[in-house]
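Trainee: Below are the chains, spelled out letter by letter.
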Amino acid sequence: MIRQDTLTRRYAYNDLTKNKGINAALLLIITMSAFLMATGSMVMERSVGSVDALFEQAKPPHFLQMHKGDYDPEVLADFASQRPEIASWLIEDMLGFDGAAISWQRPGTDQSGDFSASLIDNLFVTQNEDFDLLIGADGDIPRPSQGDVYVPVGYQQDFDLEVGDELQVRTDEGTSSLTVQGFVRDSQMASSLSSATRFVVSNEDFRDLAAAGGGNPEIIVEYRLTDSSQASQLQRDYESDVALPKNGQAVTYQMIRVINAFSDGLVALALVFVSGLLMIIALLSLRFVIRGTVEDEVREIGVMKAIGLPHRVISGLYLSKYRVMALLGCVVGGGLAIVAAQLLTRSVQVNYAVAPMGFLTFLVPVVALLVVYLLVVSICRGVLRSVRRVEVVGALVHGTTLDEKKSARRAKKLARRARKTNLAASGGDVNRRLAILDLKTEAGQWVLVPLVFALAAVLITLPTNLLTTFQSPRFVTYMGAPESDLRADLQFSTDVDGALEEVLRRMEGDDRLTEVRDFANLLFETNGEEGWENLRVEMGDYSTGTVAFVEGQAPGEGEIALSVLNAQQYDLEAGEAMPIRRSNDAMTEDVVVSGIYQDVTSGGLTAKMQGPATGDAVGYVIYADVVGDSDPTVLAQEYSDEYPAASVIPMEEYVQQTLSYITSAFFNAAVLAVIFGIGVALLITSLFLKLRLTRERNKMGVLMALGFSAREIGFQVRFKLLLTAGVGVLAGILMAATAGQWFVGAVVSLAGLGISSLNFIVNPWVVYLAYPLMLIAAAYVAVRALTLRLHTPDKSIWLRK
Amino acid sequence: MSNTSQPTLQCQGLTKTFSSTDPPTRVLNGIDLTVQNGEFLVVMGASGSGKSTLLYCISGMDRPTSGTITLQGRDLTALNDTEMSRVRLTQMGFIFQQSYFLQNLNIRDNILLPALKAAPDATNAAVDRVDTLMKRFGIAEVNHHGMTEVSGGQLQRASISRALASEPDVLFADEPTGALNSSMSTEVMDALSDVHASGTTLVMVTHDPACATRGDRVIYLRDGHLVDSRSMGTWTKTADSVRKDDLLSWLHELGF
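Protein chains in written order, with our numbering: chain A, 1 to 801; chain B, 1 to 256.
Among the hints, erroneous ones may be present.
[Stated by the list, open to error] Selected chain A positions facing chain B (Cβ under 10 Å, derived; list incomplete): (1) Tyr71; (2) Leu309; (3) Lys420; (4) Ala424; (5) Gly427; (6) Asp438; (7) Ala705; (8) Ser709.
It is worth saying that the hints were derived from the structure and are not from the lab. The C-beta atom is built at its ideal place from N, Cα and C for all residues, glycine as well.
Please model the entire structure based on the sequences and the hints provided.
Mentor: Below, the structure written as structure tokens:
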């Protein structure tokens, strides 16, 4: 006696091996979805694990405040002693050197270079004792000897450095040489979004570098708390104390975590997004195939019902095949995901730590794969419910899945449509007209094509739109800055005002430059919920309309413009008043919020005021436009060489470097999306056409008998396919530009970067020309390949059963 | 139209082997056949004897493995797919067992389709021809109906109209009454006899002796060989039953 489950297994096996092409296509797309979903979830788990692992070793501060210039250590000690929530604290002394002042050389070879390509601050520090430790490659805590240096692990990758290389730091007194003994991971500054990086030297070398001059001294005041959730309260207390040093950035533990997880989190999100879209395509395709199979095999189903098999047994036979496919797809996809996740998280494990394996390491991808499996099986089960509705007589006699009433309704509808045709009245090529008529009659069948191509278009367009937006020089409008060619930064130093005067004079007198605008970074305070809080304000001339505003306009006299996050923090809109005062000044004035702008720099918390760009500034920024054919890169280099106190770079490079890892993550996501999108479009088109050509075999045979050549019938198929695919691509691009933009904007604004509304800066040649052409080309390749079989020498096969 | 000085259709040494099976199947074995102008040739044989394959080969739908086929003196085996399609469009007509009509066109447009395709600049002439044919075969009143709104007999008469719409030299019919009841079969055979009477050359495959009696000549195939041929003379309604008896005894001798 053969058992039912044996029969079911045998049926599944036979069916899988019989329709190899279609089953392979379905299996591939299920595998791709499972692969991406599992990879995305594993990348997320591994990345978070890596960050957590490093944080455990390195013990980053719960709150830190950067400062340049004079400060009173006793005031700091006093502050800490009054707060029992502070478990420990330290002042880290740092010496910042410009990248161009640090070079490296490999002894015994002619290999050398410098760090001028890096725009971030290069800070020399000594190893801390209690917390905020810089961790070596093996998890050790390096304490370099005199003459040795430990270099940030990011520089090991960027500049290909090795242990034993000689680092030369140019000081006022000459060059200090240090030997690279290893590489360190930095929990505070590991993220590419960080504007600085740290080198570890011995106490002796640090003293020598400080004494030699040429570096910019800076401190970070750091605190570890008994309860990290009190970091924000500590920040408020700190900022409200006028005596404490605070002319630099303040950062909490939470911000460090978010920034560290950000770029790899983006990759994971992108993978999950692509997987989600692929899943939708897979489910649509499955639905199409299963419904078609039930219609094609309706007589067999009728026979099974006639001999007494219950519908759930019949459905079970079909479902068994799809269960096997879903399982196989998840297993293969999951296996490949292990490899892919390792590759994708290699850099985060190098920059942070190797994430330890735990229960979640296995649970997370299993859950992701289970979701894929359950989705596939439940869709299949849902579609196969139609087996219940198949009537024996209708199936055996008429070969239809519809009952008598529905059959009659469909026949009437078809007849109504047919009555309206009039081939003699309309002109044009007969083949084209037949193709359009076919599409109208069988729209329900063909709708899969535009749907899949629309989804594929969204899939490949959205990540690219994000990439080009963040890569565009116009993205500076999301960085609270005007569109310009050149940017010069003058950070706080003993004679920053003098340096500004010199650089400004030179720039204003330079014929190659125009629109020279300077802005001062000043420290103000405003009265928040918990008292007076720091407010970083950029003061200058905004009357020429240099910054883009999402609400309101540029500030005039007595007005202030706020960044999106500041406006949210203080719950202010344009037109409302806010009290401000200069730091260390009791005089308060009310200013009116003139407008709100987007800014991802400085944690998104900035403000702008109209006024002279002078007076007790912590730094200055100068923007300028280049005239004619002058090269901004050449000009930037010239000014940097002439004025070492000023960091002058082309604006395009400033945007690129600030966002390099974000754009790098988007780039990877965009490439992945294009590969999968085009691949899926090709796959589904092939699957769809194979099924359609099988179903339309008789009709094509009749047309051939009537005198239509294989070429003409192929034209009809190609016309229908390319028309529906084209409509889908168009719809997809529109969706990406509208709903897609809104959706991505909502996600980005929730990320707390400081962006409230994102308008894509699109590369039209890519998005509106290249991508649509690529998708249409994929459709064309598929339809060309599949219509080749029309050119058989024996046409009667299209007519015979 | 036909050149009366030579046979309409001729094939010599026709063989057909299908390579898709393992081992390959030889279906036709060196058939020599001539169809005269205006002749009504009937092809009979048991299932699997190669009747339909012969029809598809001589109509150019299938490529013979070897042998030649000429239509009005023109070698069809030398034509490429486009040229052969043109021949099927302008010089041949097809009637199938299943009335393969395009569901999204009404009856009239289905009939008009090959004629429009053959001469896209002569739409009016094509329309007039089609309307005449529809009247001739008694289906004018259903010209704007969909194919699901008419009977099987009406559909087959529409098939005949479609086959004649581009004024072909020869009409091929593959089991035209196979899916019809006896009264509809008679309707259809009457229509075909009418077509024959107007001078059209017909080649019909059938397994039904009642339909076969309408032919001028019947050939019998067995295992891909043309084993015998019988001249029937001109069909008349009154002589139908005598012809049928005669045919049946001949078929019986052949083992049908």
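Trainee: With reference to the structure, classify each hint as holding or not holding.
Mentor: Here's how the hints hold up against the structure:
For tyrosine 71 of chain A, the interface hint is violated, since its Cβ never comes within 10 Å of a Cβ in chain B; the closest pair sits about 85 Å apart. The restraint placing leucine 309 of chain A at the interface with chain B is violated, with a minimum CB-CB distance near 30 Å, outside the 10 Å limit. Contact between lysine 420 of chain A and chain B, as hinted, is supported at the beta carbon level, the nearest pair being about 8 Å apart and thus within 10 Å. Contact between alanine 424 of chain A and chain B, as hinted, is supported at the beta carbon level, the nearest pair being about 5 Å apart and thus within 10 Å.
The restraint placing glycine 427 of chain A at the interface with chain B holds, with a minimum CB-CB distance near 8 Å, inside the 10 Å limit. For aspartate 438 of chain A, the suggested interface contact is upheld, since its CB lies about 6 Å from the closest CB of chain B, less than 10 Å. For alanine 705 of chain A, the interface hint holds, the least distance from its beta-carbon to any beta-carbon of chain B being 4 Å, beneath 10 Å. Here the hint on serine 709 of chain A is kept, as its CB sits about 4 Å from the closest CB of chain B, short of 10 Å.
Checked against the numbered hints above, the structure breaks hints 1, 2 and satisfies the rest.
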